[in-house]
Each structure stands twice: as C-alpha cells, then as structure tokens.
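Engineer: If you read the protein sequences in the order shown, they are chains A and B.
The first sequence begins at 4 in our numbering and counts up by one.
The second sequence begins at 23 in our numbering and counts up by one.
Calculated directly from the structure, the hints in this document are not laboratory data.
From the three backbone atoms N, C-alpha and C, an ideal C-beta is built for every residue, glycine too.
Any given hint might turn out to be false.
[Claimed, not checked] With beta-carbon atoms standing in for the labels, derived distance ranges:
(1) B/315 with A/235: 54 to 60 Å
(2) B/532 with A/130: 37 to 43 Å
(3) B/298 with A/171: 54 to 60 Å
(4) A/72 with B/145: 55 to 61 Å
[To be verified] A few chain A positions that, by computed beta-carbon distances, are all more than 12 Å from chain B:
(5) 56
(6) 62
(7) 70
(8) 83
(9) 92
(10) 105
(11) 189
(12) 240
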Amino acid sequence: MTTAAMLKITGLNTYYGRAHILSDLSLEARRGEVVVLLGRNGAGKSTTMKSVIGLVAAARGTIEFEGERIDNLAPYRIARLGLGYVPEERRIFTELSVMENLEVGRQSPRDGAPTWTPDRLFELFPNLGRMKDRPGGRMSGGEQQMLTIARTLMGNPRLILLDEPSEGLAPVIVEQMAKTILQLKAEGLTVLLSEQNLHFSQMVADRAYIIEKGRIRYQGTMAELSADAAVREQYLSV
Amino acid sequence: MSLSNIVIQFLNGLAGASSLFLVAAGLSIIFGVSRIVNFAHGSLYMLGIYIAYSLIEFFGRSSILGFWGGVLLAALIVGLIGVVIEMVILRRIYRAPELFQLLATFALVLVIKDVALYIWGAEDLLGPRAPGLRGAVQVFGRRLPEYDLLLIVIGPVVLGLLWLLMSRTRWGTLVRAATQDREMVGALGVNQTFLFTSVFFLGAFLAGLGGALQVPREPAQLMLDLTVISDAFVVVVVGGMGSIGGAFLAALLIAQAKAFCIGIGDVVVFGTTLSFTKFTLVVEFVIMAIVLVVRPWGLLGKPQAAQRGSTMVEPPLHPLGKTFWSVVLGLVILLAVAPLGGDDYLLVLLVDIAIFTLFAGTLHFLMGPAGMVSFGHAAYFGLGCYGAALVFLKLKLPMELAIFAGPLAAGLGALIFGWFCVRLSGVYLAMLTLAFAQIAWSVVFQWDEFTGGSNGLIGLWPSDWLKDRTVLYFVILAFCVGGMAFIWRVVHAPFGYVLRAGRDSPLRADAIGIDVRRFQWFGFAIAGALAGLSGALFAFSKGSISPETLAVSRSVDGLVMVLLGGVQTLTGPVAGAAVFTWLQDEIARNTEYWRAILGITILVIVLAFPQGIAGFVKQMMTRKGLLKEVAA
Ligand SMILES: Nc1ncnc2c1ncn2[C@@H]1O[C@H](COP(=O)(O)OP(=O)(O)OP(=O)(O)O)[C@@H](O)[C@H]1O
Ligand SMILES: [Mg+2]
Chain A
4 MTTAAMLKIT
14 GLNTYYGRAH
24 ILSDLSLEAR
34 RGEVVVLLGR
44 NGAGKSTTMK
54 SVIGLVAAAR
64 GTIEFEGERI
74 DNLAPYRIAR
84 LGLGYVPEER
94 RIFTELSVME
104 NLEVGRQSPR
114 DGAPTWTPDR
124 LFELFPNLGR
134 MKDRPGGRMS
144 GGEQQMLTIA
154 RTLMGNPRLI
164 LLDEPSEGLA
174 PVIVEQMAKT
184 ILQLKAEGLT
194 VLLSEQNLHF
204 SQMVADRAYI
214 IEKGRIRYQG
224 TMAELSADAA
234 VREQYLSV
Chain B
23 MSLSNIVIQF
33 LNGLAGASSL
43 FLVAAGLSII
53 FGVSRIVNFA
63 HGSLYMLGIY
73 IAYSLIEFFG
83 RSSILGFWGG
93 VLLAALIVGL
103 IGVVIEMVIL
113 RRIYRAPELF
123 QLLATFALVL
133 VIKDVALYIW
143 GAEDLLGPRA
153 PGLRGAVQVF
163 GRRLPEYDLL
173 LIVIGPVVLG
183 LLWLLMSRTR
193 WGTLVRAATQ
203 DREMVGALGV
213 NQTFLFTSVF
223 FLGAFLAGLG
233 GALQVPREPA
243 QLMLDLTVIS
253 DAFVVVVVGG
263 MGSIGGAFLA
273 ALLIAQAKAF
283 CIGIGDVVVF
293 GTTLSFTKFT
303 LVVEFVIMAI
313 VLVVRPWGLL
323 GKPQAAQRGS
333 TMVEPPLHPL
343 GKTFWSVVLG
353 LVILLAVAPL
363 GGDDYLLVLL
373 VDIAIFTLFA
383 GTLHFLMGPA
393 GMVSFGHAAY
403 FGLGCYGAAL
413 VFLKLKLPME
423 LAIFAGPLAA
433 GLGALIFGWF
443 CVRLSGVYLA
453 MLTLAFAQIA
463 WSVVFQWDEF
473 TGGSNGLIGL
483 WPSDWLKDRT
493 VLYFVILAFC
503 VGGMAFIWRV
513 VHAPFGYVLR
523 AGRDSPLRAD
533 AIGIDVRRFQ
543 WFGFAIAGAL
553 AGLSGALFAF
563 SKGSISPETL
573 AVSRSVDGLV
583 MVLLGGVQTL
593 TGPVAGAAVF
603 TWLQDEIARN
613 TEYWRAILGI
623 TILVIVLAFP
633 QGIAGFVKQM
643 MTRKGLLKEV
653 AA
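Please put together the full structure from these sequences, using the hints given.
Structural biologist: Below, the structure written as structure tokens:
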C-alpha cells in the first residue's frame with residue numbers, strides 16, 4: 004500500500020508527573036487500515052491513545068493527523084478534526100439515556116467519513132435500539148461497550164482510537180465486536196486499536212505494533228506477527 | 023396558632039422560597055459542571071438587588087415597564103458579570119486544586135463588596151414596591167401582598183423552565199454530561215470553554231434575578247453577600263448537590279420553617295418563654311445538620327462519585343529537617359528581639375500575627391494533614407474568646423486560669439460538633455462545619471443576658487504583671503509558638519500518619535483496622551481546642567470581644583490565610599497569617615477599600631502561584647537546589 008499515513012506519531016515522549024511513560028514512540032495508521040497496538044498491562048497503550056486525543060500532554064515529539072500537527076490542540080479540537088476516541092473505561096454518562104449519550108457525541112457530517120445517525124447505529128448495534136431510553140448506568144458491560152463506540156461514531160470520525168474494546172467481554176460478544184470493527188473498516192473508517200488479546204487482534208488487524216515499557220519493540224503485518232512465535236513469546240505471553 | 027395564621031405563614035413561606043431557590047439553583051448548576059464552590063454567588067445576588075434598585079430608580083419608580091425592565095436587565099447584567107468572572111479568573115484555575123478555586127471566589131467576595139460600597143455607599147437602599155402590584159389580597163381575613171402571590175408563582179415557573187432546559191435541549195444534555203465527566207465531553211468534540219461560560223451565565227443570571235426580585239421586599243445592603251451565600255449553601259446541601267428539584271424542595275422547606283418560626287413568636291413552655299422568632303436565625307442550619315446526618319447526600323441528591331479528571335494527589339510531607347528548624351529558630355529569635363525597637367504599633371501587629379498564625383495553623387492542620395476542610399473554624403476561635411471571657415467575668419477567675427477555659431470550651435464544642443462532622447467528607451463536611459458555626463454565632467448573638475448579645479463583652483483586662491505590653495507580647499508569643507510546635511509534633515507523630523492515611527485512602531486505612539473516624543474526631547477536637555486558645559489570647563489582647571469573633575467572615579479570613587500560605591506546607595499558615603494580617607492592617611489604615619485591594623492581591627497571587635506563597639518559595643528553592651528533591 005502506498006497511501007500516506009493518516010495518523011503519524013513521531014518520537015513521542017509522555018510523562019505522568021516525573022514518571023517517564025512513553026519513550027520515543029513512533030507509529031502510524033494509513034487510511035482504511037486497522038492497526039493494533041499490542042502490549043501487556045501497563046505497557047503504555049492507553050497512554051498512547053490519550054496522548055493522541057490530547058488528554059495527556061505530549062512532552063516531546065509530534066502527532067500529525069492528515070498532515071496537520073495536533074499535539075498542541077485541546078481534545079475537543081482534535082475530536083472535531085474527525086478523530087474519535089473510545090476510552091478503555093468506557094466512561095458512559097450513567098445518568099443520561101442511550102439517546103442522550105449519543106447526542107453528546109453528535110457532530111455535523113464530515114467529508115470523507117461515513118455519516119452516522121442513531122438509526123444507522125442501531126442497525127450496527129441492535130441491542131442499543133431496544134433500550135433507547137435506558138440510563139447508561141443500568142446497562143451491562145457489553146452494552147456499555149457498544150454504547151461507547153456508538154457515541155464516538157456519532158461524531159462521524161475518519162479515524163477512531165479503540166482502547167482495548169475486547170476487555171472484559173464474553174467470547175461471543177468479542178466475536179461480535181470483531182465483526183463490528185470489520186464493518187467499520189468496510190465503511191471506510193481507519194482504526195487504531197489497543198489490545199492484549201492476540202486472538203481478537205488477528206481477526207481484525209492489518210498491521211501490528213508491540214509496545215513494552217513505553218517503547219515500540221516490534222512492528223509488522225498481522226500475518227508476520229502471527230507467524231513469528233518468538234516475538235509473541237517474548238512480548239505477549241503472560 | 024389559628025388556621026388562618028397557618029395558611030398565611032405557609033403563603034409567606036412560599037413567597038420567601040422563590041428567591042432562595044433561584045440563587046441556590048444557580049449555585050448548584052455551576053458547582054455541577056465546574057466543581058467550583060462559588061462563594062461569590064451571594065455577591066452576585068447582592069449585585070442583583072443593587073443594580074435592579076438603580077435601574078428602577080432610573081426608569082422611574084412607578085412605571086410598570088420600568089420596574090420589570092429593571093429587574094430583568096439587572097439579572098442579565100449580573101449574568102454578564104458572571105461571564106466576565108469566569109473568563110478572566112476562573113477559567114485559568116479549573117485545573118488548580120479545589121481549595122485554590124475557593125480562595126479565588128473568596129477574593130471575589132471581597133472585591134465585589136467594595137465595588138458595591140464604592141458605587142452605592144454603606145446605607146441600606148430600599149426600593150419601591152412593584153407598580154401595579156402594590157395592593158394586597160384578603161386571605162382568611164388577613165392581608166397578603168399581591169407581589170408575594172407573584173413570587174409564589176415565579177418559583178415553580180422557573181423550576182419548570184430549568185427542567186425543560188436541562189432535559190429537552192442539547193445544551194442541557196451537555197451540561198448534565200459534563201457534570202459527570204467533563205473531560206470525556208471534551209474528548210467527544212464539545213467545546214467546554216463555551217459550555218462553562220454559558221453555565222456561569224445561567225447561574226449568575228439566576229442569582230441576579232433572585233436578588234432583583236427582592237427589591238420590593240428587602241433593602242439592598244452590603245451584608246447580603248455572606249448571609250445569602252450561607253443560605254444558598256444550606257439549600258443546595260439540603261436538597262442535594264446538583265439537583266435542581268432538590269434545591270426547590272429544600273428552599274421550600276427552609277422558607278416554611280423560617281416563616282413558621284416568625285409566625286409562632288414567643289411561646290411559654292413550663293413557665294419559660296421560648297422565642298421562636300430568635301430561632302429563625304438558626305432553623306435552617308438545624309435542618310441542614312439533621313439532613314446531613316440522616317441523609318448525607320441531601321434530600322434528592324445521589325451519593326457523590328468523584329468527578330473524573332479532577333483528582334488531586336497530596337504530596338507526602340517530609341520529615342522536618344534541619345533547615346526547617348533553623349528557619350523557625352531564626353524567626354523566633356527575630357520575634358524575640360522585636361520589642362527592643364520600642365515601636366508599640368509593631369507590637370500590636372505582631373501580637374495579632376502570632377494569634378492568627380495559631381488560628382490559621384489549627385485550620386491548616388484540619389485541612390491539610392487531616393483532610394477536612396472547615397468553613398466554620400471561627401466557631402472554635404469564638405468559643406475560645408467567650409469561654410475565657412465568661413470565666414473571667416462571671417466566675418471572676420484570674421486571667422491566668424481563664425485563658426485555659428478558652429481551649430476547654432472550644433475543645434468541648436469541637437468534640438460535639440466534630441462527632442457529626444467526621445461522618446461526612448468533602449464539601450458536605452465543610453458545609454456542616456459552617457452550619458455549626460452559624461448556630462454557635464446566633465446563640466452568642468442573641469443571648470443578651472449571658473454573652474452580651476451583639477454588643478459583646480468588655481473589660482477583659484490582663485493581670486497586673488501583664489499590664490506591660492512587652493510582657494504580654496512575650497506571653498502570647500510563647501503560647502502561640504508552643505501551640506504551633508505542638509501541632510507540628512502531632513503531624514509527625516503516629517497520630518498524624520494515621521490522619522494522613524485516612525485522608526489519602528480511607529478505605530485502605532479502614533481495611534488495615536484503623537478507625538479513621540475516631541482519629542479524625544480527635545484531630546478535629548485538637549484543632550478546635552487550639553483554635554480556642556488563639557481565641558482566648560485574642561480576647562485578652564484586645565480587652566473586648568464581640569460575636570464577630572465567630573462570624574462567617576472570620577472563618578473566611580482563616581481560610582484565606584491558610585490558602586494564601588499554601589495547604590501543602592507546614593509553614594504555609596505562618597506565611598499566610600503574617601501576610602494577610604499585615605496587609606489588612608496596612609491597607610485598612612490607608613483606604614476604606616482594603617477588602618478590594620486584599621481581594622485583588624489574592625487574585626493575583628492565585629493566578630500567579632497556584633500553590634500558595636510557601637509552596638512557591640519551596641518550588642523555587644527546589645529548583646535552585648537549595649532543598650533536596652524527594653524521589654518521585
Ligand atoms: N494517571 C496516571 N498517573 C501516573 N501513572 C500512570 C497514570 N496512568 C497510568 N500510569 C502508569 O503509566 C504506565 C502505562 O499505563 P497505561 O494505562 O498506558 O498502560 P496500558 O498499556 O494501557 O495498560 P492496561 O493494559 O492495563 O490498560 C503504567 O505503568 C501506569 O502505572
Ligand atoms: Mg490501558
């Protein structure tokens with residue numbers, strides 16, 4: 004593939020207070036790709052995602068989205084460029100109904116990105132359509148995971164950051180989640196995913212990065228990684 | 023009470039509830055989204071009354087259009103003032119520690135009060151009655167002003183409008199979402215800056231409207247800011263933080279209780295006269311105390327989950343090193359030689375500083391190491407004053423003994439009040455301390471026979487051997503230094519460790535078998551007793567005392583000192599008390615507007631050094647390598 008990178012992180016360094024979390028991290032996601040960032044607990048996956056959306060400040064390095072520097076922008080500006088963020092902890096508005104949760108995420112339609120309406124999202128996530136008025140706080144973990152993705156899609160993003168979407172889900176739901184991600188890819192969305200679940204990643208991802216202690220240790224196509232038992236053994240086995 | 027009387031009091035209560043509800047709703051909405059406890063909300067209400075008064079005077083007292091135009095325009099102007107405040111000050115400190123935001127809003131109270139003093143003067147201003155509604159209707163043969171009827175309607179109407187706004191508009195949805203997780207709302211592409219500003223507009227508008235609507239009922243005056251803010255706090259806390267419906271219910275409840283206390287008047291029970299009229303000053307605080315103990319999150323509130331994205335981790339305290347003690351020693355030596363200058367004025371100032379250092383030190387102990395913010399610390403200062411003074415005057419004990427009655431009385435008070443307070447945490451705890459302080463204040467204020475009422479007590483002369491200013495100075499200094507040393511000792515004793523463990527992770531502390539509450543309770547009592555000591559010293563250094571010693575403004579002074587100095591450092595209260603007392607004294611001698619100057623100074627400090635003076639110095643020293651960095 005020769006398409007230019009849609010999201011390009013170069014030499015990123017991020018700190019929490021004095022703790023150095025990400026060191027010279029570089030990665031990219033090209034248009035229409037599903038890229039997975041694999042790593043163990045505490046490796047720095049979520050921190051990478053948060054740095055991209057601007058929730059944690061990048062100390063050094065650059066982050067570009069469609070050729071534009073975003074590392075100094077406020078999160079809402081980044082989101083408005085068409086970059087959607089689905090947090091690991093879901094962060095559903097528990098007092099708000101499903102419909103209201105979607106409303107918070109709504110942005111105007113965007114060129115070069117699929118346009119979502121609640122009805123279209125309910126086709127993607129039929130469960131949600133059956134509980135439109137239910138408060139977010141009274142939904143199961145799986146339902147909340149659907150809702151948090153749907154909520155981000157309401158912003159009609161070009162690229163979404165999915166932080167460990169398979170975490171804590173039953174195997175059936177994980178399968179469903181994989182299908183959903185492939186559907187999103189078919190719609191033309193670019194996806195940057197973080198995962199610990201290799202099996203799940205193999206179902207959806209085109210390319211993979213492995214992060215350990217805040218550094219990228221490996222990059223390659225998903226097929227290459229699947230074939231490389233030594234790398235998997237070294238960085239991913241628990 | 024006859025039936026007609028009950029109905030009339032009930033209607034009075036309804037009318038009184040409206041304005042209270044408006045202010046409280048505004049406070050609640052602002053708190054929900056920004057997590058800022060806006061102490062200046064009562065000041066906005068006060069501005070509402072003043073501005074409406076002026077506008078109505080300007081448009082003509084008897085024009086209906088002029089009256090209502092004035093009321094609405096005043097509310098709008100106050101809304102815009104809220105916007106300016108948000109944009110110029112609060113916006114810069116959303117990420118600062120909660121207490122700093124509080125300090126900034128205190129500063130605003132000071133500034134707004136002096137602005138009002140400058141524009142409208144110190145006299146009370148009573149506006150005209152509403153044109154077209156000057157009559158009264160007959161209810162059960164009693165007269166009820168027409169304007170009150172209108173107010174009775176306005177409350178529920180505003181409640182309905184707010185409900186529509188919050189539940190039926192995108193803006194309302196965003197506000198409710200931001201109340202739970204404002205960071206996520208931002209990550210979804212919502213411009214929080216605009217959201218926050220608009221929320222401030224609405225909140226300030228409601229406060230302004232609440233004030234403006236009172237023009238025909240109460241005079242505009244400079245004391246309104248603090249009385250209204252404590253009323254509004256009570257309403258918000260009783261109703262449940264962030265619940266608009268709860269605020270309405272609570273406003274109703276409290277206004278009814280007040281109306282009935284006035285209606286009942288004096289009742290003779292078993293031969294003694296009980297004055298319910300006097301009870302009006304405390305009834306709301308009693309209600310609040312009961313609600314907080316029975317249902318800590320308020321009538322319609324929900325147990326509060328901490329809002330995301332606003333957690334603050336307190337840095338650990340370092341063991342007191344050689345540097346610390348040598349600085350302290352130097353300071354004490356300096357203070358010891360000060361009287362040699364023979365400057366009487368300087369002595370008086372130093373005595374004040376010493377006393378308030380101890381007072382601020384005890385509050386700091388509560389807020390910092392013990393993790394309990396008190397909005398009513400003046401109660402213990404005042405109990406100390408009165409305890410010592412009454413023992414001296416009524417029991418005729420010598421001053422040397424009377425001084426110890428101060429900490430005793432205050433410690434006892436703190437034991438009682440603290441028992442309730444430690445059951446709560448955060449803002450709720452702070453509110454309850456305020457409630458108790460107000461109760462204590464109004465008892466002292468109204469019990470003429472015993473406490474001298476509003477006149478206070480005079481004739482607190484020190485014993486003969488202390489008649490000399492310099493000697494008195496040394497004795498007071500010794501007490502204050504001793505008190506502070508005791509506090510520092512306690513903080514670094516196992517007791518202090520337990521308190522900090524309880525503050526930082528109450529659940530874990532509980533899990534390893536520490537009865538956190540019990541320790542907090544004792545901590546509260548210690549802080550109270552020592553505050554009482556500072557009060558007793560104050561009483562004898564001044565020779566007279568008044569209920570002001572336990573008024574809200576004294577508590578606010580204490581908070582400002584602590585926050586000014588910085589909560590994270592033990593030396594903070596010393597710096598804070600010294601700077602505050604000196605500034606107040608220095609400026610007050612030169613201008614009538616010392617509050618504004620102090621307020622602006624505080625704002626500048628808050629915006630420039632969000633860690634307090636001592637925190638800033640420490641940071642600079644760390645940077646210059648003068649202080650060893652603790653490994654992260
Ligand atoms: N708010 C924070 N303050 C300080 N350190 C943090 C904070 N959040 C995360 N860390 C630390 O940063 C490192 C990376 O955390 P991060 O959440 O990015 O890991 P992760 O790869 O997402 O892990 P997981 O699979 O458990 O979600 C960890 O060592 C963690 O302890
Ligand atoms: Mg993570």
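Engineer: Compare the structure with the hints numbered earlier in the document and write down the numbers of the violated ones, lowest to highest.
Structural biologist: 5, 8, 9 and 10
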